[in-house]
Amino acid sequence: MAAPEVVAPEAVGVRTRRLEASSPRYGEKAIKALLGLCAALSVLTTTAIVLALLGPAVDFFREVPSGDFFLKTEWFPTQGFFGVLPLVVGTFNVVLWAMVFAIPIGLGSAIYLSEYAPSRVRKVLKPMLEVLAGIPTVAIGFFGAYFLVPLLRDHWPGSFLGGPPGFFMAGGAALCVGLMIVPIISSLSEDAMSSVPGGLREGAYALGASKMRVATRVVFPAAFSGIVASIVLGVSRALGETMIVLMVAGNRPAMTLNPVEVIQAMTAYIGVTATGDIATGTVEYNTLFAVGALLFALTLVMNMISIRFVRKFREVYE
Amino acid sequence: MSSDIERTSGRARLAAGGARSATLGALGRQPGSQVLRNRIFFGLIVVALSIALLGLALVLIDAILKGRNSLSLDLVTNRTSPRAERAGFKVAILGTLYLIGFMILMVVPIGVGAAVYLEEYANKQRWWNRLIELNIQNLAAVPAIIYGILGLAFIVRGPLDLGFILFAGSITLALLVLPVVIIASREAIRAVPPSIREGSLALGVTQWQTIWRQVLPAATPGILTGIILAVSRAMGEAAPLLLLGATTFVTFNPQPFSDTGYTALPVLIYNYATRPQADIREVAAGGILVMLAVLLLMNSFAIWLRNRYEQRW
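Heads up: the protein sequence lines correspond to chains A and B, in order. At position 150 of the first sequence the residue is numbered 150 (the numbering used here), and the sequence of numbers has no breaks. Add 1000 to a position in the second sequence, counting from 1, and you land on the number used in the numbering used here.
Bear in mind the hints are in silico, worked out from the structure with no lab data behind them. Please note that a few of the clues may not be correct.
Derived PhoX-like pairs (lysine-lysine); straight-line CA-CA distance at most 25 Å [claimed, not checked]:
1) 312/A to 1124/B
2) 1124/B to 29/A
3) 32/A to 1124/B
4) 211/A to 123/A
Simulated coverage check for chain B against chain A, where a stretch passes if three residues somewhere in it have a Cβ under 8 Å from a Cβ of chain A [to be verified]:
5) 1059-1066
6) 1169-1179
One-sided excerpt, in silico: chain B residues whose CB lies under 7 Å from chain A [as the list claims (entries may be wrong)]:
7) 1052
8) 1136
9) 1141
We treat Cβ as the ideally placed atom computed from N, Cα and C, and that holds for glycine.
Chain B extracted, bound-state conformation (with noise of 0.2 Å):
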């Protein structure tokens, strides 16, 4: 009740505030000319807007100029070498596959059984499941190299002791990404409306069956732009691989168990990209442009999805 009138109270507030300045301007001393002031605000935000968009997409035109001319199939399959001529990211792309094969089946049931708790059991007067949610909300903007520091005292040494393999590498991407999972599925599954629930127990379901036949099926779209969200993101991170092993220059196929090296796809594009010779720049350039392609056709599917079945109910 109180955070209601709490509620009135401040739109009320705002209200006022803004019919008050809307009053000022209006019947207020008039400042010089306004349809001139109002024009060059206008120019100014369109400016920004075009400098925004403009940016990002010279980040692009200059990684095709630059990289066009190494764009070819040895790209993908020529293994790690040090030289432009035989470079390639055979040995990256696999890693990367690898990397993200394991880390999806990690985060998928993890991030979407914890959302299904957060949404659909936990009692939110309980003091944990908000310690959960505060701690969800935190980790979701924790940089990735402190979860490359975690990988490495955590995962790769300390109480779990995996060495510098492939899979120490999957499960601190995991972690990297299971807010963002989480974050996602909660607002999909908050978006499916409760007569569907309510329609389903009445009917005698258990809560659980109620959630595996009806609710999540009915969240599926947005629970998957939140996933593939995620993999984009972990795919393009090359930051906590750093601490975790993926820097050796690997001229062989990962293996996802043991210690004998691995590499992934932005790890060795940021080593081809700083050695001195000016034509592995090209191959860095190629590199990159296999990598955005990828990812930027994948967030433009789960924002496509997104957008698609946003507004269903």
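Isolated chain A, as found in the complex (with noise of 0.2 Å):
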């Protein structure tokens, strides 16, 4: 090593040491741009979506008029009558039910296992919910189209409304979507419910609040946001349940809110069309994309909520 001609006395046994690392280290970069690319993917799959949907239903727009498409009320594709209503309102009929039997299971389940229970029943119950969660919803389906409504139909209690049903039932549909739902909802909630600070709870309790009072007046509404997103994800699901309301709300489009009648959903006619030997081009074909392409406009709409709402959650207590 040979010695430098001029030393800078304050250099003088310490040699100085770039921080940089000694190599440009291309394979850490390739590894990062990799990964981003992984990570882009999901950007990608979006983009497919949307021009996988838009492509036909654009074809489809080009020959029937959008005013037909969204306000009329007849839909028979092979017939030549494209109102969608009566799928929309048939999807709605289902979607209400389910949350009407959904939204006070759920949030009572949640309340339970947040505010009430042991820890020993919460640690049993919580995860049980989640593992049933996980149930397929063909099962439920067939539960529903084997069991449940052929139990309304013995046993049927509803005669106000008309009936007693025939094989197939919005309100049967309605009862199994709200089953599958329940567990998201009670889940979600619940993790809302238990991320309430205890103080305010203790502050409430300290003040002579009942349980009661302090579960519905303090925690219910500090938890507010984080419940709603529970509801928002599950209406978006119940929007896109598909194999349930295929198999126990039938196949016959129809203008009702009526739980007893038989009625087509969006998912319904997807699912059944597309099964069926259609050729590609068709206005019938592009049918599917244009009814898949209101079906995601939906459920975007009710995620971005959603995600607004956990948000809001978020900003207050994490």
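With the hints as a guide, bring the two chains together.
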């Protein structure tokens, strides 16, 4: 090692070391780029979904005026009737009654688990609900079609609605869909309620509030945005559920919110039509994509609302 | 700084609201008999929880009652048939195994890779990283049947043009569960304390070596939980496969890369269940039992795994 001619006094004995890496580390950069690509795939998927839906949907609206599609009330694509409203109303029939069932049941369960259950009971029940949330919808659909609807038909309590129901029934599907989303609502709402700081509860108890008051007037409002997010997520899952409505609600489009009637939901239309043999490029084939695009738009709105509420909740507590 | 203030004021507002309502409750006019109301309320929420558990339990019990007669080895060794005494799920089970196998090969590296990028590399200030995050949250709630449309338009036909083959179904299912895997893996990676990374980096280890040797091993139980839940979701998913050609009534073993037809367990269950003959529904119920047994075991294991390793740090 040749000694330098001129040495700055402060550098004697102190070899200046560079802090940068000794090599450019191309491998590290390549890995980062590769991982970035994995993440970008999700954006690609969304783009592909939008393109897949939009292309044929545009073709569809070239042949069918959008006024007919959104405003007319008859859906019979093979006969040239393209009013989508019966499918939308059918979907909302199921979603409405499913939520009427699932919101009280799900929130009641969540309040019990978060506020009342002894920790040993909660440690068993909560995982149990989560495991049951994994029951495939085809199994719930089977239960609906061959247990629930026959049971309702034999012991029909709601004669003021008409009926007894036939083999298919929107309300039966709604109960099954409700059963499917109860674990979602209860699990997410329970998370929201148990992350409400204990100080709020203790303060209320100290002022002499009863347990029910603490649960309904303190914890519930404090966790409200988390609870709304769980409900909106439940609605979005109910909107997109296919197998249950296909097996239980039937396949006859009808403009009714009566749970006794046979209806056809948007998802069921897509499922049934796509399994039949239809030629690519025909108007009928394109209806799949037009209905799909509408469904996608509806769930997207729901998801954005849910994400907004979750963020609001996080801002307050996390 | 400003977000801190907002957070505090949010808490203060809620606390004040809670305190006010509690004060009103304690000092204001007491309605009727409070004890009774409390008991009724408690009764109602217990009833709600019971209905939820009972309803879901009934799904299992009904499947057991209807399917127990058809439960035998024939159920998994018999091929597809429209006649109940010869109908089984061999072809569908093989189809599901292939579908899930290829799906795991795709979804695990991509999902974990994306999670590592978002947690360890991505700068949250950049708009594209925020876009990716929002996007994944949205994709997680897109209905399964929409993925079926995507598969039909882009993978079976369109740009990839693979035809109605099993592998196209695998790709679609991989896209369907990708958000689930990414979200679960991110949570697992986030739960690894920064001190582990800092300790490793301080020893002069590169970032990737830190991730590969320290972060990922520590996050493995959480990631595994996410993967198992994703796999069990994909196994029970029938809707997207309806659009991808899985409904054909195939009687021979599936070929992953040729369009000789394939089917999957939930799709064949649907097919058997919606046939007019009553006796083949028993076979469908038997199939549901087999599927539920596998899925519930997998889910229980995943949730046990998560709870077991949840608070290690």
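Here is how each hint holds up against the structure:
no.	hint	in the structure
1	312/A to 1124/B	holds, 18 Å
2	1124/B to 29/A	holds, 18 Å
3	32/A to 1124/B	holds, 15 Å
4	211/A to 123/A	holds, 21 Å
5	1059-1066	holds (count 5)
6	1169-1179	holds (count 3)
7	1052	holds, 5 Å
8	1136	holds, 5 Å
9	1141	holds, 5 Å
Violation of the numbered hints given earlier is absent; every hint is satisfied by the structure.
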